[in-house]
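Enquirer: Going line by line, the protein sequences match chains A and B. Note that our numbering gives residue 448 to position 405 of the first sequence, counting from 1, and the numbers run on in steps of one. Note that our numbering gives residue 374 to position 331 of the second sequence, counting from 1, and the numbers run on in steps of one.
Heads up, a few of these hints could be off.
Where chains are identical, the list cannot tell them apart; a pair therefore holds if satisfied intra-copy or between any two copies.
[Unchecked claim] With a Cα cut of at most 30 Å, we get these calculated BS3-like pairs of lysine-lysine:
no., residue 1, residue 2
1, K99, K365
2, K290, K172
3, K124, K144
4, K282, K316
5, K58, K172
These are calculated hints, taken from the structure and not from any lab test. All values derive from a computational prediction rather than experimental measurement.
Protein chains: 2
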Amino acid sequence: MKIAKVGNFSEWYSKILFDAEIVDIRYPVKGMPVYMPWGFRGLDYFFRELEKLLDKNGHDKLLFPVAIPESIFNKEAEHIKGFSDGVLWITHGGETELEDKLVLRPTSETSMYPIFALWVRSHEDMPLKVYQTTTVYRHETKATRPLIRGREIYWNEAHTVHATFEDAAKQVDEAVKIYSEFFAMFGIPFLVIKRPDHDKFPGAEYTYALDTLMPDGRSLQIGTVHHLGEKFARAYSIKYSNENGEKRYANQTSYGISMRGFASVLGVHGDEKGLRLPFVISPVQIVFVPIYAKGNNEEVDGKLRAIYEQLSKSYRCVYDDKNKRPGDKFYYWEMKGVPLRVEAGMRDLSAGKVTLTDRVGNKNVVDIAVLESEIPRAVKEYEKRLFEEARAFFDSHISDADGFRKVQSVYEEKNGFIRTGWCGSMECVERLKEEAFDVLGTERGREGHVRKCVICGKEGKEVIIGKPY
Amino acid sequence: MKIAKVGNFSEWYSKILFDAEIVDIRYPVKGMPVYMPWGFRGLDYFFRELEKLLDKNGHDKLLFPVAIPESIFNKEAEHIKGFSDGVLWITHGGETELEDKLVLRPTSETSMYPIFALWVRSHEDMPLKVYQTTTVYRHETKATRPLIRGREIYWNEAHTVHATFEDAAKQVDEAVKIYSEFFAMFGIPFLVIKRPDHDKFPGAEYTYALDTLMPDGRSLQIGTVHHLGEKFARAYSIKYSNENGEKRYANQTSYGISMRGFASVLGVHGDEKGLRLPFVISPVQIVFVPIYAKGNNEEVDGKLRAIYEQLSKSYRCVYDDKNKRPGDKFYYWEMKGVPLRVEAGMRDLSAGKVTLTDRVGNKNVVDIAVLESEIPRAVKEYEKRLFEEARAFFDSHISDADGFRKVQSVYEEKNGFIRTGWCGSMECVERLKEEAFDVLGTERGREGHVRKCVICGKEGKEVIIGKPY
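Just chain A, same shape as in the assembly:
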């Protein structure tokens, strides 16, 4: 690699996706890259961890069809306004034109909710909490970027149904908590921000987003949680009988994390040598590199391979006995982001020792007898350092400024998030957008702070602004 990601992030990102074999962008449909094995395994482990958290919190896993009939898709007016320009249409089966053409789901509210109307009849059927990990589709016309903006989006989306607005609001809080716990596992710092009305999910009452910062200082939305109120329930007739036998419209929430969350892990933690992956999602967790000398390969392999076999029972390990110099192997596996490396030559092995190195540079000579029990400690040490670096970068990129000139000069110096004021008008948002800024919204826990608008100077509320992907 040898590219510093700060200052050259775009170049760094493209190069690492190629070198580490995350995606292949040569697939002949715009915005639909191939997920290569290293990338897809990582993505898969990433979403499996999310699924575990959702399972623990009472969600059921299922799968809805990819195709939604136009007549069903068009029922919730605001939602459709938000999506209809940007969807892909299936119009033909073989040579035959379909009577009701089909949308490739851009998100699954409109496929799931007609069926939820059949599943939810009584207050006892709620809460209904389900999720699917699958692909959704957008007819993206802007520039695409692998894992960040594309026409095929791999994600996990959860959908819930509740009796009351309050129950759904509590579910929103639970979802924010789950997502916060999830990203904390990977050391990704974020703000929880309530989106302004013009940027909430089409059809939602309100939307919370988790926003992190990429190394270029631009903000990346890595999770969203929506309170849908009764809007979809009214459009799709999701009604239940309450305890008195009266029919009521249900309240709903939906929330999702896409491949962008995985992109943030790559971007936030990588360095000039390549990726640095959190232990739990790395396709290979420990790489073993034998150090041969004077043709003692068999002897070294005999001893080191036994250790590799033992650790392979608990961890995803690779034994790299390729015909390459150790330094080249180190370089390769560092670039791939593998958290731990065990290396040893005959002298070490005879003394009952190996060298355990992590991807942030901690290096320890360890007794073979205690190596296995050392791994959890080594992982903890590695991730502590990795996550602290990310936190330090993040914290140093949140600033405070008033007035547009000041905001611009602060952003020029520091990028990232800026706390400022906004009057709530779209005119002032449009002015911000001219400079690629956007009002991301109000930080959770800092609602109600009064502050003068960054553009017009009128009284407004404190908001976070930034330059989003």
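Since the structure of chain A is already known, use the hints to place chain B on it.
Expert: For chain B alone, coordinates are given in the frame of chain A:
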């Protein structure tokens, strides 16, 4: 339930899919049912076991896009002839007509192989062995049936690239071995059959299929393995340099197992009470049912729940303390197919005992102290009986007959597979098809047996015929 599956299989199958909440067929697109949580968890565990086997045998997991440009899709002539009538077309993004319209992949040869041409350059890049677990799409015009024939098919497909025809042939053998091991895990009996030319995969040199029998005696194809030779390599320009630096076309294989494999597990093992699931894929493996008496609920729960918590560390367990009679709970979880049940009242618990029952009716009073260590034995006993029943049914539905009249009368009595002769002509196949029979092909291991054609009486080869789904 209370429906005998033999004699009423179609009715049994529809009812169990609904009652056990496997799929919801009310989704408003023909042939695209919703996979409900119980069904999708089962399907997911099913494919995860297959993925483990593929991983163990050196396959990499990845994911290709769902959409294939028409211009790319059309390159392999035979393949296209086999599929082009039956695909779904994406023609529009928003209001805009796409320049190169897109096929929803009916299978992924044509999406993967142009990219394989970029990945395979030298003989050292092979074997390339990859798989994906995903959905594929067909514009099915025949009657659809959930998990058996539909427009959205959930499956695992593997694709490999090799230097020579022989290497690819060996890979075909490995795949047949992996698939055989896989279905053996679930106690599904099958024949490995080489399909006749008219029924091989479009574009393949030859195809092996694994065929099982459903309870109505019709055969179900649950896995296929294709030797693709150089045909696709020539169409998509997959070339490598051999050790002498000469350019050669690669040889390829592809193989897949779809949701049909899961359907066979449901159909083959179910009984008049409902499903009987193999332990490893059951969404719930052990259900705990407390037997209350005279309001001693708390006391019973206190003791039994502790056991449940302990076993939940190793198994997927449910503690059913719903306000229902024990008999109703038994009935419900039996219908769902849960392999093991632990029940106990205060008298048992005070004596340090619980009752362990399995879904085939074995019942044992077990000391709580040894319950955990008893589980693997109980699973083995349960599956032995379950799998033996399936084997007995299967074996008793393979017959031998010559001459069409005899074949018809044998089939009327016994259904299943019939060993007979076939001259190789399409005329005789057409005659068989008039009666819903088909030539499934030649059993692996029984090639070269000479036998008179069941229709025309001319000399031919031994084949298996049956009535396939």
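Enquirer: If a hint holds in the structure, say so; if it does not, say that too.
Expert: To see whether the hints hold, each was checked on the structure:
| no. | hint | verdict |
| --- | --- | --- |
| 1 | K99 with K365 | between (42 Å within a copy, 20 Å between copies) |
| 2 | K290 with K172 | within (21 Å within a copy, 56 Å between copies) |
| 3 | K124 with K144 | both (18 Å within a copy, 25 Å between copies) |
| 4 | K282 with K316 | neither (56 Å within a copy, 33 Å between copies) |
| 5 | K58 with K172 | between (40 Å within a copy, 25 Å between copies) |
Hint 4 from the list above is the single one not met by this structure.
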